[in-house]
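Using the sequences and the accompanying hints, generate a full structural model.
Below, each chain spelled out in residue letters.
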Amino acid sequence: MTDLPVRPEERLIAVLSGMLAGLRHVAVGNASPIPGTAALAERERSGGRLRVTVLGSRRFNSFTDGGRELFDCAAQGRIDAFFLGGGEIDGEGNINLVGLGGYPTSAVRFPGSFGSAYLYYVVPRVILFREEHTRRVMVPRVEFISAPGTSESRIYRPGGPHALVTGLGVFDFDRSRRRFRLRSVHPGHTVEEIRDNTGFDFDCPDGVPTTADPDAALLAIVRGRVAGQIAEVYPQFARRLFGAAAA
Amino acid sequence: MANKGLISLDELVGQIGDGAMLAVPPDYSGVAMAATVSLIRRGVRRLHLVAVPTSGLQAEWLIGGGCVSTLEAAAITLGEFGPAPCFAEGIRAGAFVMKDSTCPAVHAALQAAEKGVPFMPLRGLIGSDILKHRHDWQVIDNPFSAQDPIVLLPAIKPDFALFHALLGDRHGNVWIGRRRELMTMAHAAAASLVTVERIYDGDLLADETMAAGCLPGLYVQSLAHVPRGAWPLGFADEYALDADEVRRYLQRARSPDGFRSYIADWDRPGSHDVVAAE
Chain A
46 MTDLPVRPEE
56 RLIAVLSGML
66 AGLRHVAVGN
76 ASPIPGTAAL
86 AERERSGGRL
96 RVTVLGSRRF
106 NSFTDGGREL
116 FDCAAQGRID
126 AFFLGGGEID
136 GEGNINLVGL
146 GGYPTSAVRF
156 PGSFGSAYLY
166 YVVPRVILFR
176 EEHTRRVMVP
186 RVEFISAPGT
196 SESRIYRPGG
206 PHALVTGLGV
216 FDFDRSRRRF
226 RLRSVHPGHT
236 VEEIRDNTGF
246 DFDCPDGVPT
256 TADPDAALLA
266 IVRGRVAGQI
276 AEVYPQFARR
286 LFGAAAA
Chain B
156 MANKGLISLD
166 ELVGQIGDGA
176 MLAVPPDYSG
186 VAMAATVSLI
196 RRGVRRLHLV
206 AVPTSGLQAE
216 WLIGGGCVST
226 LEAAAITLGE
236 FGPAPCFAEG
246 IRAGAFVMKD
256 STCPAVHAAL
266 QAAEKGVPFM
276 PLRGLIGSDI
286 LKHRHDWQVI
296 DNPFSAQDPI
306 VLLPAIKPDF
316 ALFHALLGDR
326 HGNVWIGRRR
336 ELMTMAHAAA
346 ASLVTVERIY
356 DGDLLADETM
366 AAGCLPGLYV
376 QSLAHVPRGA
386 WPLGFADEYA
396 LDADEVRRYL
406 QRARSPDGFR
416 SYIADWDRPG
426 SHDVVAAE
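Protein chains in written order, with the working numbering: chain A, 46 to 292; chain B, 156 to 433.
Source of the hints: derived by calculation from the structure; they are not laboratory data.
By construction, the Cβ of each residue, glycine as well, lies at the ideal position given by its N, Cα and C atoms.
Don't take each hint at face value.
[Said to hold, decoys possible] A partial selection of chain A residues facing chain B, derived with a Cβ cut-off under 10 Å:
{"hint": "1", "residue": "Arg154"}
{"hint": "2", "residue": "Ala192"}
{"hint": "3", "residue": "Pro193"}
In structure tokens form, the structure reads like this:
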């Protein structure tokens with residue numbers, strides 16, 4: 046089934062899994078089917094050397110000390126990478142997972158900050174991921190800072206944003222300059238389109254490359270073993286994307 | 156703690172009075188849903204609900220039932236089912252005090268209570284608007300090191316921890332396996348109220364293999380035998396989330412009347428397979 050065309054989600058999975066190469070332990074939080082699939086795919090590619098912890102999974106969860114263990118592990122530097130999203134994301138890497146239209150009586154309420162106000166500070170490689178890339182999400186300034194992209198130097202902060210991956214492209218984050226830099230644009234999209242749909246300024250080199258498609262080996266892993274694995278936690282997602290393979 | 160032994164579900168939740176601070180686990184960790192419905196039908200009011208550290212359908216239903224006056228949580232989510240309607244509407248209307256938190260802050264504040272100390276320090280948070288709105292939290296300078304601000308969280312001391320577990324015995328011991336946020340909750344709370352899937356015939360603490368995963372009866376005020384007590388949520392290896400039922404709820408929750416009739420009609424599968432008197 047690797048001759049099926051590459052789906053946009055699979056391209057995102059490939060980009061995200063590439064960012065995990067060589068790491069020891071990646072954790073995947075709430076509402077993260079694409080990052081979860083990416084992490085499990087990289088685990089397969091690494092021959093199991095990458096440890097993957099998926100919130101809500103029984104199989105991919107090595108913790109035995111309850112909900113706090115992930116955070117304690119992260120504080121000790123035992124978690125190399127984590128994914129965060131955002132109802133809003135701004136150009137300084139601030140994220141809003143709480144809501145829009147006033148606080149606390151938000152007109153539009155998101156679920157909440159989860160572990161972001163902690164993990165964003167202590168996990169070295171936090172990858173921001175949001176499929177929707179519009180001016181509604183990529184804003185000049187978030188309304189509510191669930192977790193800030195950067196902190197003053199006196200604040201203990203070994204972690205922070207590493208990259209931003211969206212349905213349109215991939216950005217790197219420069220912590221010292223507190224800015225994103227466009228790394229690649231997904232096939233079928235343009236730098237102009239990204240500019241039109243981004244509410245913040247970002248650095249843009251000349252000749253931004255196109256995001257590479259996943260290779261056949263990765264596609265086979267994702268559509269094969271990993272489809273079944275991610276279905277444990279995200280059955281609806283797995284069924285939609287991979288159909289019977291997820292059963 | 157006087158262990159009141161094995162009692163009925165209604166007796167169990169009858170101990171949770173108006174205004175109680177109630178700690179509950181996340182959707183993947185053993186949520187006492189049957190107990191929650193019983194609590195809503197009884198019309199409990201002014202609960203201070205603490206999600207450890209997040210909640211889903213349970214918080215949604217308690218809010219919809221008008222039972223909650225304060226909610227402390229790192230998030231309220233129905234996962235793949237999208238926004239939680241009663242939670243979102245309650246936020247819009249200011250129907251309860253929302254104390255936004257972050258997952259490790261809830262765990263740490265319960266650990267403070269576990270240890271009987273007044274507060275716990277925690278990394279992160281500085282520069283977050285969560286901290287800005289949490290007037291009960293403080294930032295101090297690390298007394299052991301210069302130029303190192305750190306957040307202090309006051310202990311969370313719930314009146315009750317309420318959850319569903321696989322096994323309970325007649326001594327009040329409860330087997331929780333590796334779901335040890337339940338242990339933290341139970342240690343921190345003044346008393347734990349537990350529904351269990353099955354009764355263990357014997358003493359869970361007498362078996363060293365089982366004892367390691369047990370909450371001892373000394374923390375457990377009451378236990379009720381409630382098979383499928385987490386339904387429609389899934390529970391461990393016992394049963395999966397009932398997605399059709401969650402969709403049915405979301406359909407009916409579109410109006411307050413729909414919500415009320417849903418709760419009134421709610422009936423978990425197998426609940427009429429009478430559990431013999433224990």
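Tested hints:
The beta carbon of arginine 154 (chain A) comes within 4 Å of a beta carbon in chain B, closer than 10 Å, and the hint placing it at the interface holds. Interface restraint check for alanine 192 (chain A): the shortest CB-CB distance to chain B comes to about 6 Å, inside 10 Å, so the restraint holds. With a cut of 10 Å, the hint placing proline 193 (chain A) at the interface with chain B holds, because the nearest CB-to-CB distance is about 4 Å.
Figure legend: structure checked against the earlier numbered hints; every hint is met.
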